[in-house]
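Protein chains: 2
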Amino acid sequence: MMRTRPLKVALLGCGVVGSEVARIMTTHADDLAARIGAPVELAGVAVRRPDKVREGIAAELITTDATALVKRGDIDVVVEVIGGVEPARTLIRTAFEHGASVVSANKALLAQDGAGLYAAAEEHGKDLYYEAAVAGAIPLIRPLRESLAGDKINRVMGIVNGTTNFILDKMDTTGAGYQEALDEATALGYAEADPTADVEGYDAAAKAAILAGIAFHTRVRLDDVYREGMTEVTAADFASAKRMGCTIKLLAICERAADGESVTARVHPAMIPLSHPLASVREAYNAVFVEAEAAGRLMFYGPGAGGSPTASAVLGDLVAVCRNRLNEATGPGESAYTQLPVSPMGEVVTRYHISLDVADKPGVLAQVATVFAEHGVSIDTVRQQGKDGEASLVVVTHRAPDAALSGTVEALRKLDTVRGVASIMRVEGE
Amino acid sequence: MMRTRPLKVALLGCGVVGSEVARIMTTHADDLAARIGAPVELAGVAVRRPDKVREGIAAELITTDATALVKRGDIDVVVEVIGGVEPARTLIRTAFEHGASVVSANKALLAQDGAGLYAAAEEHGKDLYYEAAVAGAIPLIRPLRESLAGDKINRVMGIVNGTTNFILDKMDTTGAGYQEALDEATALGYAEADPTADVEGYDAAAKAAILAGIAFHTRVRLDDVYREGMTEVTAADFASAKRMGCTIKLLAICERAADGESVTARVHPAMIPLSHPLASVREAYNAVFVEAEAAGRLMFYGPGAGGSPTASAVLGDLVAVCRNRLNEATGPGESAYTQLPVSPMGEVVTRYHISLDVADKPGVLAQVATVFAEHGVSIDTVRQQGKDGEASLVVVTHRAPDAALSGTVEALRKLDTVRGVASIMRVEGE
Ligand SMILES: NC(=O)c1ccc[n+]([C@@H]2O[C@H](COP(=O)([O-])OP(=O)(O)OC[C@H]3O[C@@H](n4cnc5c(N)ncnc54)[C@H](OP(=O)(O)O)[C@@H]3O)[C@@H](O)[C@H]2O)c1
Ligand SMILES: NC(=O)c1ccc[n+]([C@@H]2O[C@H](COP(=O)([O-])OP(=O)(O)OC[C@H]3O[C@@H](n4cnc5c(N)ncnc54)[C@H](OP(=O)(O)O)[C@@H]3O)[C@@H](O)[C@H]2O)c1
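Protein chains in written order, with our numbering: chain W, 1 to 430; chain V, 1 to 430.
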């Protein structure tokens with residue numbers, strides 16, 4: 001059965017992920033060969049700094065000329081773990097043009113131009129796999145694309161950023177504020193020096209775009225994803241959440257509208273009940289909850305990042321792509337046949353938890369309730385607390401369009417008796 | 001892109017699962033066609049009772065002659081959802097011989113003769129897929145076989161039987177005894193009239209054999225799986241578990257030995273810490289926890305049974321097999337290249353929680369401790385409770401070979417001062 005000519009792999013990037021890919025390819029070469037049906041050989045490794053010591057990688061494999069490597073013509077699979085849009089995109093396109101299939105871990109690029117890359121792969125009859133781009137080691141893209149291919153997915157809701165989950169978990173368990181928890185995450189290496197991409201939700205938004213596209217067989221661009229970061233979540237919000245039997249998570253939520261005619265994708269902090277499977281996802285773990293018509297409620301849980309977990313996902317793809325090559329076949333390409341429109345955030349139907357500082361005098365609740373009613377938003381519960389002429393009002397609504405909810409908040413701000421809106425948070429997961 | 005000649009599917013069995021497969025194939029025909037690249041047509045449905053009303057299925061498709069259906073020669077894919085070993089096995093072999101690929105949900109058959117069926121599939125260049133055979137709707141077989149194909153799996157530990165999880169969850173949350181919880185499960189349709197296959201662990205053992213084979217790329221026969229049911233778990237065991245910060249689950253555990261040279265597979269009730277992700281799997285849900293060298297700790301969660309969840313898994317396989325057919329390719333076949341021996345239960349390294357009724361007199365603890373020491377089993381904690389000349393001793397051990405642990409228990413039974421061994425339970429998941 002075993003073919004003796006090895007399949008040649010070009011590795012673009014040899015950083016956190018790439019170095020682990022190279023290591024496993026070397027140490028587990030026999031296993032990979034047995035699973036693929038042919039040996040795989042590391043044919044070249046492109047990096048920026050050629051002089052850096054790269055343990056276990058023969059010096060003659062290292063090059064700074066990634067373009068020449070992918071143009072060699074004898075490369076079977078290009079593994080792109082450089083990151084960022086360029087030069088990664090051009091390198092991947094060049095790889096297809098020169099006969100290679102591609103495995104990538106690049107969420108930024110996939111979210112930005114997945115459609116263009118799929119089209120290039122298809123034009124050249126090559127594979128494009130990217131399991132590692134979303135939720136690191138967790139098998140998610142393949143289950144969504146293949147295991148659930150006979151089902152109809154209605155919702156994907158996930159914790160897809162480990163850094164922010166680590167921060168929120170710390171805030172939840174220790175009562176720390178945002179900055180303190182962020183400092184700890186940075187000290188422990190969970191947050192980068194510039195944490196913007198994580199804490200402002202950009203990373204999660206890229207993943208939401210990818211997941212929504214796959215789940216609903218449509219195209220969702222990065223710009224279609226509503227995004228709110230988690231830098232304004234406070235210890236007080238966690239205290240409110242606890243009183244409701246909830247915790248707070250930064251969620252990526254992709255939903256099919258009730259009528260099935262449109263979809264939405266969004267990233268924002270939200271309260272979820274402690275009984276929800278996502279509530280117990282601790283530290284930097286990721287988890288994605290999927291609701292499908294026939295399958296019901298599924299959850300996928302695991303490490304969302306890190307060199308070796310991400311390399312595991314890359315290598316799973318590498319095995320599949322190599323097998324496809326030996327079979328002279330390709331795996332499933334883009335599936336965007338439904339062409340569903342992506343609705344704006346205002347059309348999302350959700351619930352709000354609103355905390356108001358109000359004047360402590362009679363009639364305030366009636367005034368506030370009137371504003372909700374005028375916007376067609378029905379109130380689930382109200383909790384009033386007063387002392388020394390100051391009072392706070394915590395309102396939890398029933399489900400309503402986000403536009404009606406935010407319209408309500410705007411109108412509340414204008415009331416004389418409302419001194420301030422202390423916090424607004426969506427409530428999900430029921 | 002779309003081919004117009006439909007792919008023909010023969011459905012063997014139209015019960016709980018089969019009727020849902022037929023329903024979804026009809027109601028979601030357009031989606032399936034788009035995902036496959038060709039329409040799929042239900043070409044025939046084999047049942048035992050031809051006169052039963054089958055909603056949504058044209059009467060002329062129904063036949064009692066399953067053999068003739070699979071021999072027709074124009075069938076692309078046979079979906080086997082009859083269950084049991086025969087006639088399912090012969091029908092599947094006949095299907096391969098007559099040019100069809102096969103999707104099956106039959107854990108009993110796969111556990112019994114997976115190797116034989118794989119060989120038949122390979123001989124005829126056909127696919128054998130069976131995602132639905134383990135953990136119903138949860139994508140598990142595909143992630144293990146494909147997503148983790150580049151990784152090394154060291155342990156698979158799962159709740160793979162919904163009936164027993166429902167019973168244990170009831171016992172845990174309501175304090176009910178086994179019989180009472182079983183009665184409730186039966187009344188709600190979670191347990192069959194004869195619950196033996198579930199409560200004695202036979203169903204879970206079949207799944208453990210399948211999972212161990214896939215995870216470790218070796219062959220594990222049903223007889224290789226150690227099996228203990230959960231009918232003797234008592235309310236007192238749950239009380240003890242709670243005192244330890246644990247709950248009790250019926251677990252299927254497949255492990256690679258520390259030296260990597262052998263594997264084990266077993267099914268038994270065990271205490272697991274409440275902090276373990278499997279501890280919070282409620283009701284009839286299933287979940288499988290996977291530890292892989294590079295990926296780390298993953299968990300897959302969802303409904304483990306039921307007509308439509310199981311049909312979702314069957315249809316995911318159907319889409320894959322149909323796509324393979326259009327590509328004139330096949331998916332991965334059996335991977336058993338490691339040929340690792342399966343060690344007996346005695347070699348499993350685990351921990352015991354042992355509850356003893358002892359005489360309430362000085363020196364008993366010393367006597368008991370000596371027995372542990374003589375068997376090379378180190379004690380983690382001891383809790384002593386005495387009243388009115390009666391006393392109980394609860395011992396939790398460190399990790400030791402199961403043979404040493406059971407030898408210890410045997411020797412304890414022989415001590416004069418030990419009046420009885422109230423319960424023994426393994427402790428897992430740390
Ligand atoms: N790290 C994770 O946990 C994780 C998780 C999921 C997905 N990902 C994705 O995986 C990809 C790689 O991430 P990473 O963390 O491994 O990044 P990294 O540690 O920064 O490594 C990037 C690598 O690319 C090389 N490189 C940069 N520009 C290059 C160029 N123009 N030509 C050739 N090589 C170039 C660098 O070379 P030098 O070594 O010479 O600097 C380095 O080896 C990204 O798309 C990321 O989003 C990462
Ligand atoms: N039910 C679940 O939740 C679940 C979950 C996972 C896996 N599975 C697996 O799925 C398979 C089917 O389970 P199920 O619950 O759907 O079983 P079921 O409801 O008992 O249905 C069995 C079907 O097979 C037909 N049948 C029986 N013997 C036959 C024969 N000799 N020739 C032709 N047809 C025959 C029956 O015909 P009649 O309709 O005429 O009686 C019935 O339609 C089993 O392997 C099971 O282990 C089931």
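One should not assume that every hint holds.
Said to hold, decoys possible - Each pair of labels, with its calculated beta carbon distance range: (1) V:51 to W:274: 33 to 41 Å; (2) W:349 to V:221: 38 to 46 Å; (3) W:183 to V:125: 54 to 62 Å; (4) W:243 to V:193: 43 to 51 Å; (5) V:365 to W:243: 40 to 48 Å; (6) V:125 to W:15: 54 to 62 Å.
Said to hold, decoys possible - Computed footprint of chain W on chain V; a stretch qualifies when at least three of its residues, placed anywhere within it, have a C-beta under 8 Å from a C-beta of chain W: (7) 10-20; (8) 377-388.
Keep in mind the hints are simulated off the structure, nothing from the lab. Model, not experiment: these values are computed from the prediction. The beta-carbon is built from N, C-alpha and C at its ideal position, and this holds for glycine as well.
So, going through the hints one by one against the coordinates:
1. At about 51 Å, the CB distance of residue 51 of chain V to residue 274 of chain W disagrees with the hint of 33 to 41 Å.
2. A beta carbon spacing of about 52 Å between residue 349 of chain W and residue 221 of chain V contradicts the range 38 to 46 Å that was offered as a hint.
3. Between residue 183 of chain W and residue 125 of chain V the beta carbon distance is about 60 Å. The supplied range of 54 to 62 Å therefore holds.
4. Checking the proposed 43 to 51 Å range against residue 243 of chain W and residue 193 of chain V shows it holds: the Cβ atoms sit about 46 Å from each other.
5. One distance hint, 40 to 48 Å for the beta-carbon pair residue 365 of chain V and residue 243 of chain W, holds here, with the actual separation near 47 Å.
6. Taken as a hint, the range 54 to 62 Å is violated for the pair residue 125 of chain V and residue 15 of chain W, whose Cβ atoms sit roughly 42 Å apart.
7. By the rule of at least three residues with a Cβ nearer than 8 Å to a Cβ of chain W, the coverage given for the stretch 10-20 of chain V is violated, with 1 such residues.
8. Residue count for the stretch 377-388 of chain V with a Cβ under 8 Å from a Cβ of chain W: 0. That is fewer than the three needed, and the coverage hint is violated.
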